[in-house]
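A.B. asks: Guided by the hints, dock chain B onto chain A, whose structure is given.
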Amino acid sequence: MPNPDASGHWGEFGGRFVPEALIAALDELEAAHTAALADPAFTAELEQLGREYGNLPSPLYFAERLSEEAGVEVWLKREDLNHTGAHKIRNVLGQALLTKRMGKRRIIAETGAGQHGVASATAAAYFGLECTVYMGEEDTRRQALNVARMRLLGAEVVPVTTGSRTLKDAMNEALREWVASVDHTHYLIGSVGGPAPFPQLVRDYCRGIGDEARAQFLERTGALPDVVAACVGGGSNAMGIFTAFLEDESVKLFGFEAGGDGYDTGRHAATITAGQIGVLHGARTFVLQDEDGQTIESHSISAGLDYPGVGPEHAHLAATGRAVYEPVDDAEAMAALEKLARTEGIICAIESAHGLAGALRLAKGLKAGSRVLVNLSGRGDKDMGNVVEYFGFAGAPEKSGE
Amino acid sequence: MHAADAFAKTKAEGRAALVGYLPAGYPTLADSIKAVDIMIDHGADMIELGLPYSDPVMDGPAIQKAADQALAGGFRTRQVFEVTEAVAGRVPILVMTYWNLVERYGVDRFARDFAAAGGAGLITPDLIPDEAGEWIEASDAYGLDRVFLVAPSSTEERIVSTVAACRGFVYAQSVMGVTGARAATSAVAPALVERTRRHTDLPIGVGLGVRSGDQAAEIGAYGDAVIVGSAIVNCYLDAPDIPTGHQRLAELTADLAEGVRR
Chain A
1 MPNPDASGHW GEFGGRFVPE ALIAALDELE AAHTAALADP AFTAELEQLG
51 REYGNLPSPL YFAERLSEEA GVEVWLKRED LNHTGAHKIR NVLGQALLTK
101 RMGKRRIIAE TGAGQHGVAS ATAAAYFGLE CTVYMGEEDT RRQALNVARM
151 RLLGAEVVPV TTGSRTLKDA MNEALREWVA SVDHTHYLIG SVGGPAPFPQ
201 LVRDYCRGIG DEARAQFLER TGALPDVVAA CVGGGSNAMG IFTAFLEDES
251 VKLFGFEAGG DGYDTGRHAA TITAGQIGVL HGARTFVLQD EDGQTIESHS
301 ISAGLDYPGV GPEHAHLAAT GRAVYEPVDD AEAMAALEKL ARTEGIICAI
351 ESAHGLAGAL RLAKGLKAGS RVLVNLSGRG DKDMGNVVEY FGFAGAPEKS
401 GE
Chain B
1 MHAADAFAKT KAEGRAALVG YLPAGYPTLA DSIKAVDIMI DHGADMIELG
51 LPYSDPVMDG PAIQKAADQA LAGGFRTRQV FEVTEAVAGR VPILVMTYWN
101 LVERYGVDRF ARDFAAAGGA GLITPDLIPD EAGEWIEASD AYGLDRVFLV
151 APSSTEERIV STVAACRGFV YAQSVMGVTG ARAATSAVAP ALVERTRRHT
201 DLPIGVGLGV RSGDQAAEIG AYGDAVIVGS AIVNCYLDAP DIPTGHQRLA
251 ELTADLAEGV RR
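Those sequence lines, one after another, are chains A and B.
Going by the UniProt record's numbering, the letters in the first sequence line up with residues 1 to 402, in that order.
Going by the UniProt record's numbering, the letters in the second sequence line up with residues 1 to 262, in that order.
If you're looking for bench data, these hints aren't it; they were derived computationally from the structure.
Incorrect hints may appear among the rest.
What the hints assert, rightly or not - Selected chain A positions facing chain B (in silico; Cβ < 10 Å):
hint	residue
1	Phe17
2	Ser164
3	Arg176
4	Val179
5	Ala180
6	Val279
7	Leu280
8	Asp290
Claimed, not checked - For the chain B half of the interface with chain A, some residues (derived, Cβ under 7 Å), not all of them:
hint	residue
9	Ser54
10	Arg76
11	Asp126
12	Glu131
13	Ala151
14	Ser154
15	Thr155
What the hints assert, rightly or not - Calculated Cβ distances over 12 Å to all of chain B for the following chain A residues:
hint	residue
16	Tyr53
17	Asn55
18	Arg65
19	Val251
20	Asp261
Every residue, glycine too, gets a C-beta built ideally from N, C-alpha and C.
Here chain A stands alone, though its shape is the one from the complex (with noise of 0.2 Å):
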């Protein structure tokens, strides 16, 4: 199993850069994340649970007339398919759960666009624990019907007006509000990044989609898949998908992340293209930052990619040379969701439309009858309002995204 030092930390990635408050609680919660997994109950638990409430596992899907167009076989993880519409269930439910184990009554959570927030308060929900999610203050406004749904759950919604008021603004905040409560509170964080152990804590509980796909995969074709590709901001769809496959050698790993107006405008959240180390919310990882290490805000059409890190196990896998990782813009990650829309009839989110698009650029250089496989991380409804807008379907005439 590719876990980090007993230090946390991959190669010269990841480690624990935080106030020496949170130390303590960092120490406990690897301690219990530890014990847990080796305690069939709790193994046994989360397993039921994801089965019976989170809609687990979820299908492996050939996407046979998209297959014809790309002209290789394409083959989707349809995590969209999940409780909560994502991946995203499966590293709440194991976070609650353990958060139960440890004996706290009270999450808290980071959100950009809402869907972690959504997904922890859904978890807490469940479990009947306090939930405070943090959230740009600018993406309260633009996500107002998450903000509904986060607390139609029961959930409080903090609007963060610090710094650029985005999510790794909120992140600041909620790191901030842990020193205060950790006594009594878990900070649900919603990526593979942050201090050790969350890298690896997350990953455990998201590796299922890679375990999963991987043993599908087998039963269905006999074979391994030759590519696996997935969208990456924080990366614990990637990493969810990528741990089953990171031994087998023949599996080529590639990791999308968000070109936003293109690579070379400088406005983007392509966090390990632009290839910088650096000191992000407790883990050393590539950031992106200026020359004197300030961080730089990032852009991307997808609220979800929209982070200037990225998890320290995927700064590791790119320095090795083990998962490849590149830009997928705006304008390309559209144009697949529009292309899966009308060859398939499922609406991914745009995230996840990344991780396709690259799937896709990818396809033309593989054998014909190559097979891939996408993680198909997301549904698309929450980005109705950007469709819309980008395609230009409110009322005028349609026009194609082609």
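C.D. replies: Same frame as chain A, now just chain B:
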């Protein structure tokens, strides 16, 4: 000058040291230099220059706002050396910084340039000794103080390893929470100082939440240094103009300095 020089003096006078914090570049570059002079003139024994950072997770609203303003004003990391050089010589000057800024500048290069400017050492709120190998090496090479934090949640084991890595003094974070002036000081701080003292002869500074001479006197009764940050920043944040801020800072520092001398 190093932290030890200030503590030698305050110990001889039988009192705690007063440490004033202000982000370099706030309210402006020139005025941050002036503000440090005002603090020293009115009784500060040591200065902590904050290095403004885009993502200050340990700081409350006052210091965040000041840092944002300094950055919006174009503040660059290297300017902290200008400020240090301008104010060094009368009292020890430490820099309190989030780690990415130092790492980005280059740990060895930062230590070299800061030492050359007359700086005493660094306080590193998001760097624990476990991650500090490069900094420990550089601070040894350039003879700089290195101040790590202990917190109410620190285990005995961590207090032992943290104080062993410190030089100059140990920073006791007196409340579980971010920086910010509070009406009441912490009830857990005396216990933390007491626990820490069992494992070190280094002076122990107590920070987070101090805003008055009375609180300074209270903390000075058990801590070796009283660290004041947000209340100092508030002198400018709440003032109609910078000269008024300077005036308020002079009054506040005098009050605090009187507090540690009670």
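A.B. asks: Confirm or reject each hint.
C.D. replies: Evaluated hints:
With a cut of 10 Å, the hint placing phenylalanine 17 of chain A at the interface with chain B holds, because the nearest CB-to-CB distance is about 5 Å. A cut of 10 Å between beta carbons decides the hint on serine 164 of chain A: the least distance to chain B is about 8 Å, and the hint holds. Among the interface hints, the one on arginine 176 of chain A holds; its C-beta lies about 5 Å from the nearest C-beta in chain B, closer than the 10 Å criterion. Here the hint on valine 179 of chain A is kept, as its CB sits about 6 Å from the closest CB of chain B, short of 10 Å.
The restraint placing alanine 180 of chain A at the interface with chain B holds, with a minimum CB-CB distance near 4 Å, inside the 10 Å limit. Against a cut-off of 10 Å between C-beta atoms, the interface hint on valine 279 of chain A holds, since the closest Cβ of chain B lies about 4 Å away. A cut of 10 Å between beta carbons decides the hint on leucine 280 of chain A: the least distance to chain B is about 7 Å, and the hint holds. Because the smallest distance between the Cβ of aspartate 290 of chain A and any Cβ of chain B comes to about 9 Å, under 10 Å, the interface hint for this residue holds.
Interface restraint check for serine 54 of chain B: the shortest CB-CB distance to chain A comes to about 4 Å, inside 7 Å, so the restraint holds. Interface hint at arginine 76 of chain B: satisfied, since its Cβ lies 6 Å from the closest Cβ of chain A, which is below the 7 Å cut-off. For aspartate 126 of chain B, the shortest C-beta to C-beta distance to chain A is roughly 5 Å, which falls under 7 Å, so the interface hint holds. For glutamate 131 of chain B, the interface hint holds, the least distance from its beta-carbon to any beta-carbon of chain A being 5 Å, beneath 7 Å.
Taking 7 Å as the C-beta contact cut-off toward chain A, the hint placing alanine 151 of chain B at the interface holds, the least distance being around 4 Å. Using the Cβ-Cβ criterion of 7 Å, the hint placing serine 154 of chain B at the interface with chain A is satisfied: the shortest such distance is roughly 6 Å. Contact between threonine 155 of chain B and chain A, as hinted, is supported at the beta carbon level, the nearest pair being about 6 Å apart and thus within 7 Å. In this structure tyrosine 53 of chain A is separated from chain B by more than 12 Å, as the shortest Cβ-Cβ distance comes to about 33 Å.
At roughly 36 Å, the least C-beta separation between asparagine 55 of chain A and chain B is larger than 12 Å, which holds for a residue marked as non-interface. Interface exclusion of arginine 65 of chain A from chain B stands, the closest Cβ pair being 45 Å apart, more than 12 Å. Non-interface status of valine 251 of chain A relative to chain B is upheld: no Cβ of that chain comes within 12 Å, the nearest being about 33 Å off. At roughly 21 Å, the least C-beta separation between aspartate 261 of chain A and chain B is larger than 12 Å, which holds for a residue marked as non-interface.
Of the numbered hints stated above, none is contradicted by the structure.
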